[in-house]
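A.B. asks: These are the residues of each chain, in order.
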Amino acid sequence: MGVDFFIGLFLATLIVALFTSRLYRLIFWYSMNSLVLGILALMIGKALDDKAMLVTGIATLVIKAVGIPYMLKHFSEKFHFVRQIQPQISAHYAIILIPAILVFTFYLSEPITHMIEGNANYIAISISSLFLSLLLMMEHRHVAPKIIGFLSMENALFLLGITATGGMPMLVELGIFFDLLMAIVVMNLLFHKEEVSS
Amino acid sequence: MLILLVLPALVMFAVSFSHHRKAKFLLPISSVAILLPIVKLFWLPKPYAIWGNYLVADRLDTYVLLISSLVGIGVTLALLTLDKHVKVSPKAYRRFYRFFAIFWVGLIISILANHMGIYWIGLELATLSTVYMIKTNHTPAAHKEAWNYMIVGAIAISLVLFGIILMYASAKPILGEEAMRFDLLLSHAKEIPSPFLFEMGFAIATVGMFVKMGFFPMNLWLANIERASFYPVAALFSGILESAVIIGFFRFSKIAEQINYAHLYGFVFVYTLLTIFIVAFLIFRAKDFMRLFSLSGVEHMALIALFWVSGGTFAALLHFGAHAFLKPALFLSTGVLESRGKYRIAGALRGYKGKKGELFWVLVSLFLLAIISLPPSPMFFSELYGFAAMVEMAKQSDHMLAMIAAILFLLVLLSVIFYRFVTLYQSMKYEGKEEEKRVYGSELAALVLFALCLLVLLLPSSFAYLRSIV
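One line per chain: the protein sequences are A and B, in this order.
FYI, in the working numbering the residues of the first sequence are 5 to 202.
FYI, in the working numbering the residues of the second sequence are 39 to 508.
Hints are computed from structural coordinates only; laboratory data are not their basis.
Be aware that one or more of the hints could be misleading.
[As the list claims (entries may be wrong)] Label pairs and their calculated CB-CB ranges:
(1) A:Glu114 to B:Tyr299: 22 to 32 Å
(2) B:Ala440 to A:Glu114: 23 to 33 Å
(3) A:Tyr111 to B:Ala300: 18 to 28 Å
(4) A:Arg145 to B:Leu397: 47 to 57 Å
(5) A:Gln90 to B:Asn186: 13 to 23 Å
(6) A:Val59 to B:Phe234: 24 to 34 Å
(7) B:Val77 to A:Lys50: 26 to 36 Å
(8) A:Val86 to B:Lys122: 38 to 48 Å
(9) B:Ala483 to A:Leu52: 36 to 46 Å
(10) B:Glu430 to A:Ser25: 56 to 66 Å
(11) A:Arg87 to B:Ser500: 54 to 64 Å
(12) B:Asn186 to A:Ser25: 22 to 32 Å
(13) B:Lys228 to A:Ile99: 39 to 49 Å
(14) B:Leu407 to A:Glu81: 37 to 47 Å
[Unchecked claim] Here are the simulated lysine to aspartate or glutamate pairs, DMTMM-like style, with alpha carbons at most 20 Å apart:
(15) B:Lys471 to B:Glu396
(16) B:Lys393 to B:Glu472
(17) B:Lys62 to B:Asp121
(18) A:Lys50 to A:Asp8
(19) A:Lys50 to B:Glu396
(20) A:Lys55 to B:Glu216
(21) B:Lys380 to B:Glu474
(22) B:Lys391 to B:Glu376
(23) A:Lys55 to B:Glu215
From the three backbone atoms N, C-alpha and C, an ideal C-beta is built for every residue, glycine too.
Work the whole structure out from these sequences, hints included.
C.D. replies: Given below as structure tokens:
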């Protein structure tokens, strides 16, 4: 029951992020999305008695829910990002498009969900979150929201990993975290150079 | 062995922070040092466990690693005189090497990985490190393309991870956490309880890998990035990074082959045919060397994938090796070819004086003709064997006529590319006015190295080795 609630909340935070037109709000919703994901990893890890998932759950809370949003806000102040980020897809179209994506992904993932043990809806929600993250990347012109779209996509894949497979090997999870940090370092350099050249 | 493999890259990383003027020479030396443990690895019995079951050297990955390290040496040689052709600051030069070192670590991990997850981590590390290499060119176009690469590359790599998760989920009921291992997946492929799930995962991961190599629908993506960056970056992309991607495809497809060969073949055949169809016309319209070579790279990677799934593994590996040497050689020569302007194709092979100049234009001419598979190019033999494998496959198929028609259509598309390259070569050699162009020793040394590697690839012993890989 608790897992159902948090999976729903995970999707809800992503949907709200799609309608956000302010950068700090978007960072906040990404942080909430990661927070819910971390709680989900802890809950599922505890239910499966999977210590590796508990560790990755804590890492998600520390790195994704706190560390990365803090760094993004820091970059935003340091490099003077545009904070008014109006989505290219207006709200009245998004209201139609988002449910359509949800229905489509539930239909698309239907053959897969029969083959996976556990709650089939979790897989469908993970895949729809992936598509919604792609939409988040597509509907913005500025770089910062595109980065948040990419990070949300990582969250969706992490959710798929914990729901479809009951957790990936610890080494892989930690490797993904390392790559994510590397991505942040590279982004910092890209922003820095842009500032210098302008 | 792992320490020996990674140590030169770590030294390169550390030296890149030094501001000493002689550090410029130490960086290429550390690049050459990468080759030494790989040569040692080449002689060790296979499979050789480098790090438990996670990193295992077999004949396939040692071959790919050897080729990549040779390409790395060539690129490093050409880098010595990069500042003679383009404006590059010492700081950008050092940073290039810093990320080149990280790139190598990622590459070694992904090529030697016997584990889907570790393969992905290595590939992601290599991808991220190349983003900054694009930015060493301080132009607005390079800034834009670096972001473009970061975002599209991230989507492609996420698709690969998505596919890996599904493949892992399909095999976890029988293999547990070991379901990430390539060797176990291959040996237990027929026992996977949900083959459809595996195939779905394979298809998604393959689309991610194909997008990363510039296949349909992202045909111009890589070409634009390579155009915007310095030419050694393009050489690294085509000669090394794509090797890390294609080795993943080789491994995944071998498992998918055990599950449902008809599905695998149909999917890859249609995808690569569609890619070559679009690329052939883009090549026909290409107006500069970088885009031309980049699009030609997409065509060749598509052919390698097609030969591999057709059962022509020898042809695919030969084609892969030849392409890995030829394409960086051509990319590195663009620094000289474009020294009188980006779009000056006519007369690009004229105006070379002295022994260095003469040798340069002869080598570039040979590379240009070799890339379109004129004999005795290794590509001539690989295409011969590759198409023979495809025809053999068509003969065994229930849809023989349709497949033969598709193969003929593919040959027509390849002849469009052939025609374009021959026309360009004639224009480069016989048209335009003769303007003096300067060739430097280091870039010539790189071209000579690639030419020698191609000759070695033609030896009967090399053919025998390639046949023994799969």
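A.B. asks: Cβ-Cβ distance between Val59 (chain A) and Phe234 (chain B): within 24 to 34 Å?
C.D. replies: With a Cβ separation near 32 Å, Val59 (chain A) and Phe234 (chain B) satisfy 24 to 34 Å, so the hint holds.
A.B. asks: Does the Cβ pair Gln90 (chain A), Asn186 (chain B) satisfy 13 to 23 Å?
C.D. replies: holds, 22 Å
A.B. asks: Measure nothing beyond the straight line between the CA atoms of Lys391 (chain B) and Glu376 (chain B); if it is 20 Å or shorter, mark the hint as holding.
C.D. replies: Within the cut-off at roughly 16 Å; holds.
A.B. asks: Are Ala483 (chain B) and Leu52 (chain A) spaced within 36 to 46 Å by their CB atoms?
C.D. replies: violated, 58 Å
A.B. asks: Mind checking the hinted window 56 to 66 Å against the Cβ distance between Glu430 (chain B) and Ser25 (chain A)?
C.D. replies: holds, 59 Å
A.B. asks: Decide if the proposed pair is consistent with the structure: Lys393 (chain B) and Glu472 (chain B), CA atoms, cutoff 20 Å inclusive.
C.D. replies: holds, 17 Å
A.B. asks: Starting from the range 26 to 36 Å, see whether the pair Val77 (chain B) and Lys50 (chain A) falls in it by beta-carbon distance.
C.D. replies: violated, 50 Å
A.B. asks: Quick check on a hinted range of 22 to 32 Å for Glu114 (chain A) and Tyr299 (chain B), using CB atoms only.
C.D. replies: With Cβ atoms ~26 Å apart, the hint holds.
A.B. asks: For the hint 47 to 57 Å, verify it against the beta carbon of Arg145 (chain A) and that of Leu397 (chain B).
C.D. replies: The hint (47 to 57 Å, Cβ to Cβ) holds, given that Arg145 (chain A) and Leu397 (chain B) are roughly 49 Å apart.
A.B. asks: Quick check on a hinted range of 23 to 33 Å for Ala440 (chain B) and Glu114 (chain A), using CB atoms only.
C.D. replies: holds, 31 Å
A.B. asks: Do Val86 (chain A) and Lys122 (chain B) keep their Cβ atoms within the hinted range of 38 to 48 Å?
C.D. replies: holds, 40 Å
A.B. asks: Are the Cα atoms of Lys50 (chain A) and Asp8 (chain A) separated by 20 Å or less?
C.D. replies: The given pair, whose Cα atoms are some 15 Å apart, holds under the 20 Å limit.
Of the numbered hints stated above, those contradicted by the structure are hints 7, 9, 14, 19, listed in ascending order.
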